[in-house]
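4 protein chains.
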Amino acid sequence: MVRVVILGQGYVGSVFAIGVERIKNGELGYYGIPLANELPIKVENIKIVGSYDVDTDKIGKNLYEVVKRYDGNKIPESLKNIVVRKGIHLKSLRNLPIRAEGLEDDRSLTEAIDKIVEEWKKMKADVIINVCTTEAFRPFNNKEELIKAIENDDRERLTATQAYTYAASLYAKDVGGAVFINAIPTLIANDNAFLELAKESNLIIFGDDGATGATPLTADVLAHLAQRNRYVRSIVQFNIGGNTDFLALTHKERNRSKEYTKSSIVKDILGYEVPHYIKPTGYLEPLGDRKFISMHIEYVSFNGALDELVINGRINDSPALAGLLVDLVRLGKIAIEREEWGTVYEVNAFYMKNPGPAEKGNIPRIIAYEKMRQWAGLKTKWL
Amino acid sequence: MVRVVILGQGYVGSVFAIGVERIKNGELGYYGIPLANELPIKVENIKIVGSYDVDTDKIGKNLYEVVKRYDGNKIPESLKNIVVRKGIHLKSLRNLPIRAEGLEDDRSLTEAIDKIVEEWKKMKADVIINVCTTEAFRPFNNKEELIKAIENDDRERLTATQAYTYAASLYAKDVGGAVFINAIPTLIANDNAFLELAKESNLIIFGDDGATGATPLTADVLAHLAQRNRYVRSIVQFNIGGNTDFLALTHKERNRSKEYTKSSIVKDILGYEVPHYIKPTGYLEPLGDRKFISMHIEYVSFNGALDELVINGRINDSPALAGLLVDLVRLGKIAIEREEWGTVYEVNAFYMKNPGPAEKGNIPRIIAYEKMRQWAGLKTKWL
Amino acid sequence: MVRVVILGQGYVGSVFAIGVERIKNGELGYYGIPLANELPIKVENIKIVGSYDVDTDKIGKNLYEVVKRYDGNKIPESLKNIVVRKGIHLKSLRNLPIRAEGLEDDRSLTEAIDKIVEEWKKMKADVIINVCTTEAFRPFNNKEELIKAIENDDRERLTATQAYTYAASLYAKDVGGAVFINAIPTLIANDNAFLELAKESNLIIFGDDGATGATPLTADVLAHLAQRNRYVRSIVQFNIGGNTDFLALTHKERNRSKEYTKSSIVKDILGYEVPHYIKPTGYLEPLGDRKFISMHIEYVSFNGALDELVINGRINDSPALAGLLVDLVRLGKIAIEREEWGTVYEVNAFYMKNPGPAEKGNIPRIIAYEKMRQWAGLKTKWL
Amino acid sequence: MVRVVILGQGYVGSVFAIGVERIKNGELGYYGIPLANELPIKVENIKIVGSYDVDTDKIGKNLYEVVKRYDGNKIPESLKNIVVRKGIHLKSLRNLPIRAEGLEDDRSLTEAIDKIVEEWKKMKADVIINVCTTEAFRPFNNKEELIKAIENDDRERLTATQAYTYAASLYAKDVGGAVFINAIPTLIANDNAFLELAKESNLIIFGDDGATGATPLTADVLAHLAQRNRYVRSIVQFNIGGNTDFLALTHKERNRSKEYTKSSIVKDILGYEVPHYIKPTGYLEPLGDRKFISMHIEYVSFNGALDELVINGRINDSPALAGLLVDLVRLGKIAIEREEWGTVYEVNAFYMKNPGPAEKGNIPRIIAYEKMRQWAGLKTKWL
Ligand SMILES: NC(=O)c1ccc[n+]([C@@H]2O[C@H](COP(=O)([O-])OP(=O)(O)OC[C@H]3O[C@@H](n4cnc5c(N)ncnc54)[C@H](O)[C@@H]3O)[C@@H](O)[C@H]2O)c1
Ligand SMILES: NC(=O)c1ccc[n+]([C@@H]2O[C@H](COP(=O)([O-])OP(=O)(O)OC[C@H]3O[C@@H](n4cnc5c(N)ncnc54)[C@H](O)[C@@H]3O)[C@@H](O)[C@H]2O)c1
Ligand SMILES: NC(=O)c1ccc[n+]([C@@H]2O[C@H](COP(=O)([O-])OP(=O)(O)OC[C@H]3O[C@@H](n4cnc5c(N)ncnc54)[C@H](O)[C@@H]3O)[C@@H](O)[C@H]2O)c1
Ligand SMILES: NC(=O)c1ccc[n+]([C@@H]2O[C@H](COP(=O)([O-])OP(=O)(O)OC[C@H]3O[C@@H](n4cnc5c(N)ncnc54)[C@H](O)[C@@H]3O)[C@@H](O)[C@H]2O)c1
Ligand SMILES: [Mg+2]
Ligand SMILES: [Mg+2]
Ligand SMILES: [Mg+2]
Ligand SMILES: [Mg+2]
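Residue numbers (the numbering used here), protein chains in the order written: chain A, 37 to 419; chain B, 37 to 419; chain C, 37 to 419; chain D, 37 to 419.
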């Protein structure tokens, strides 16, 4: 059994909840889950035990009511048993057309964190998934500074994700082991302040920013070109979608977080810098969760020949990440059993856009996959 | 030094010759050559020592004159020293608007083969590259049948490639070691008749069908999907170009050879059959050597979501293969030194659409690359 | 009131029936119907009074049962009142995996035709829509030859569409006026034999081959380029789909009919010939009725610059034609009232890929639209 | 003879100059010039008599030297006779990495304007083409305010284009007739202040913003959909290029000018608002003048079916506009002869993204073309 808490009951969190329950009901197969049901811990062993949000329109509602906004199909009744609780806000939804409340509105940050830790203990959580709205943030890199910010109630310096990770470390220390999966761009698994804390606290962090959509595909296409020694001259990657995550990304600083994790692959894979335009480009409501991506890559082949690739896609954004989370929560539980406190690069390298720790970069996903299987104790497929 | 003979002085053979000489003249870098200059045998060590064709408009001309039809740039003067010789025809150009002649027009097949073997001895050839027009063919699979066909002068049963490979085996046996690179779809490295012959004769065969263009890219994109356990529902891969190879492929049986090698990747990579349309689709003269490709892939993601990818490319066809050949001739020489008679799957798996031997299938190129590096004695890049 | 008979109760015929009934039930708006409800004859005035097919799996069934195979949504109950009758087969379904029967199986062709005419009289049909499977055919161009073929029971020479049109002329003569809409590639409005017959018989023919999908879009894109005096060098238009029409088009001769009507636009619009590949390219079952199209156009701009356009589309095939038919049946009724026996180029030029009569070619659709409005007595939009 | 002055000797101005001279030398045909050589005034009658810029690296150089930066081919020698003069700057190049100078640096604005008017008189200019860098601007709409700004030397309020147009009106009044072609987004033909001035001063204004690239194509594609009554749900139009114009457009206010003229077509053509993302998206140096465009359009067809179009293009930006200018200068001369002071909607509607006057909107280009021919006294092609 893996007991899971969801932070941010939005599109991704909801598709994750629906999909897991439908699988448990035998209504859905394993497509979109990289390791399907190969792991010793089965998909059917996942149990959602808690959910947090700061949208006043969600807090206090049960999961069934909340997730049905995101999926026209039959929603599993089992979701009626979980109520969405109030989380820590810290300006997560600033500038967005959503009314928000946070535990810290009427108490100190440390009190808010303590309250959450207490709740997690009651839920007996193993894994905490962070799928909140993309944040504008500054990394800490220094554990002392981080702790000081918490103690000083420094609400300008901290983001919700940073506070939640801190809470997770307190919780892990207390119960002897836990996992924090940071599926969003805020640097956590790439921030040494948090890794240090994790190692001391029996916490495992997976992160940062779930690797879905155009970015991992670009990684593999670039690896394909690199292996033929083709010289890439320019890379364009346009992304436009109509879910609230794209809306959030129209804000400059949030966009910048995403641009950073998305474009780091270029140098990592090719070994040289290439002029590129890679970032969430716009928000267009009617596109919904099925974003439109458009990529253009121009490169030099043998004898100076100039080739061009254009890749267009229409891709369901949230199911892609939700499918990865089904693996990540189970791999997290395995990591607890192995006591690999800190982070696990082999997991991050496949599942994350910006795999922690900071000093490690991107590798082609097709290879990362095999190494991840090895770590998980599974037979490689092609190695 | 690697001494190379080209069979089929067409687009690929000509770009190969131009590129190698330009590199030797310091006019061109190593882009488009997968291993660049990492191998102990340098690109500068390649020496073209012979060339064969059956087009009466090419036979007897020097290489400089022939290759300049294919490239508007300055052609290296060094190519004036090689004269295109008459090869074995065996209906290679049947139905094409080209006047053809073959050595076998006025002698028996065995005499023609012997003549060629003698010429190769004078040239001291190490590696024979086959880049003739795509053939309609039937594999042998049985060495005795093959030998019988040669002895009986069975011109209906045999293709030029089969005859050339046979000649290469006689030659290799005689001089103690040689390489035959079959860059075209005719099954040679996948035909046990030839592999058996090769092992007995100190011949190394690389093949079949150089892996360029949409096919290896499809392999990697499908691997990318497979690793996320996305269920592929359909695959479309259109190809259209304006070089004579595309013209040749408008003939049904030639097309079928190509379709076979192109579509074998689907089952190999995904592990299940998918309805697909993958074949050279048409000929359109103004497109020239820069073909247009269009791919459509539809797949199921988590929670039943349906995603779509469309990949369009404008890709120079001949330089792509020519660049691979620059590696292949050098890897061939290494294989001679190691006396790995027969074929080398590690090489084929990266460089060939249909990697021999027959019992071995396709693997994702990104992984094949690393295994090929290992075989070549190079450090892996990401493994 | 317009009383309509459908020949060929397949995908198009079924979407037409469903759409019209849903509109009459107030369940659907007018999207996809070019003239929406601007005509004096309203969409709500259309009444389907008969249906014919030769698929044994459809004959005798009611329309409700047949059309529900094509649409997952709620089907209007009103369709239960019409029974699919047996039509004239004449090898329409030859080579397709469908068991077929025709009235002519156990009677002469003239008897079969007479039987149908009698049925139409009972139905009081105004308009007969032909949406049968694409045929391999030879035009007549000579009325006497056509009549001779009918009289001689020449089943090899005639196609079902030709026989149906002949029947329509008998019927029109008898009742004083009727319309035959030939939405398929068989030349009817472009065959003078039929036009002559029509004029003598109070028949109006609209045709040939409904203008949906990539072809009319290509017409407008080419017009766009022509108006800027850009020189088009090559045109590629790939089409692949998964409905039975695409399956039928995998047969060479049927494909040729379609290729002809599709590619005639190039010279008509540009004024010069351009090397092109324009034809139904393949069949891929999982694509269903939503075909994938891929177009590539390369052209020369000012100062010798070379530009490229690539157009990809995922387009529902049958609704596109069904929407046009909603206009065509009403325009047909107007033409009866005006007694414009023969054909009406103004209507064909907008709605048909190969607008009859034969001596008239294609014009840009955007202009054809305005002329059609003028003919229909509507105000132009932009002229 | 049409005597032409170029304002802004950048990419467009240079390709215009090269193309015209090459045509006069018989080195180039008429591709990319909409009316080719159909007009009574021939392309060969165009004479470039002056050129202005504010880039210190261009001022004082002859045209031959300046234009050769933009075209690798042989440059016509005749361009050596024209020297690039210093223009009015007014912050045109603010924030761009270019050192700029303007006549107004060491004199008042009215003095600068007078100086230019004097120069034009010496040049005996008929037509002044404005192809300066895209500006951030505010329209005037009120003639008095405009005149006051000039008189008050209000350098913050005025842009270079506004000052140049004012100069053109003084010049036209003086010589009895002249043309100002505003090929950039600044509202001039759509600003009543300037139209009023023009009518009083014997000036003809064509504008605003030359209709090249994705925008007019979108207009025609949307017209195509509108005519079939398809309901457009969303429109994406990404543009990225590597010329200095794209660099200039990375500045927010300049971008906004362009966004405005580009997106006005949607409502004009469809008749209803559609959520859209239409704007210059980014700058990527290696793409050069050959921009990459990517469009996505989703629409509802008959029976509620949902279709998608994706249009990608690789389009040479500057030649497209330069080709239009070859017509515009000649149509301008015709307008002088006809004394059509003010503006000519029939010309603007085809050649301009935002056709003046303000109260007139966009119509499908395919129809605008025919109306423009009628105005020009040419036979229509399809009407
Ligand atoms: N494919 C993908 O969708 C994908 C891939 C990688 C990363 N991500 C990341 O996943 C995150 C979620 O994406 P989504 O599409 O579900 O977005 P969403 O906007 O639908 O959901 C985010 C949810 O988080 C809630 N929230 C915001 N701040 C919170 C806080 N402080 N505490 C608790 N809840 C909070 C919001 O109210 C909302 O319900 C984003 O940060 C995104 O960048 C998504
Ligand atoms: N990217 C690629 O271009 C690519 C990739 C994989 C495989 N290939 C294969 O490479 C081959 C060559 O392609 P190409 O583009 O150079 O074609 P091409 O038509 O330009 O050249 C083929 C040449 O072979 C000659 N030839 C034909 N039969 C011969 C014979 N029996 N003996 C000697 N010469 C003969 C022809 O006269 C011609 O000069 C084709 O079979 C093609 O399938 C090409
Ligand atoms: N957008 C479009 O779908 C489009 C556009 C232009 C033209 N068309 C033409 O419309 C026709 C119908 O397309 P579809 O997609 O509905 O195909 P379909 O295969 O779904 O339907 C054709 C139907 O006609 C029936 N049929 C065949 N021969 C017949 C005969 N002799 N008498 C009576 N019925 C007969 C078949 O049994 C089948 O039910 C095709 O000829 C196609 O070329 C379609
Ligand atoms: N297809 C197209 O290229 C296209 C289409 C429509 C409109 N336009 C417009 O045409 C204009 C020119 O485009 P381009 O690609 O040639 O750009 P560019 O940057 O290459 O050239 C602009 C030139 O104008 C000069 N300039 C700037 N301010 C000036 C001033 N005040 N006086 C005189 N010269 C000045 C610059 O120094 C530069 O040489 C832009 O405003 C663009 O928006 C271009
Ligand atoms: Mg890292
Ligand atoms: Mg094999
Ligand atoms: Mg016609
Ligand atoms: Mg206007």
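Where hints are given, some of them may not hold.
The list treats identical chains as one, so a pair stands whether inside a single copy or across any two.
[Unchecked claim] As a list, the in silico DSS-like pairs of lysine-lysine whose alpha-carbon atoms are at most 30 Å apart:
id, residue 1, residue 2
1, Lys396, Lys415
2, Lys417, Lys184
3, Lys209, Lys157
4, Lys97, Lys235
5, Lys127, Lys60
6, Lys315, Lys417
7, Lys396, Lys60
8, Lys60, Lys315
What the hints contain is simulated information worked out from the structure, not anything from laboratory work.
Hint check results:
1. Lys396 / Lys415: both (24 Å within a copy, 19 Å between copies)
2. Lys417 / Lys184: Intra 47 Å, inter 42 Å, cutoff 30 Å: neither.
3. Lys209 / Lys157: within (11 Å within a copy, 77 Å between copies)
4. Lys97 / Lys235: neither (36 Å within a copy, 67 Å between copies)
5. Lys127 / Lys60: neither (36 Å within a copy, 52 Å between copies)
6. Lys315 / Lys417: between (33 Å within a copy, 27 Å between copies)
7. Lys396 / Lys60: Neither: 36 Å inside a copy, 38 Å across copies.
8. Lys60 / Lys315: This pair counts as neither: shortest intra-copy Cα distance 36 Å, inter-copy 41 Å.
In terms of the numbered hints stated before, the structure departs from hints 2, 4, 5, 7, 8, listed from lowest to highest.
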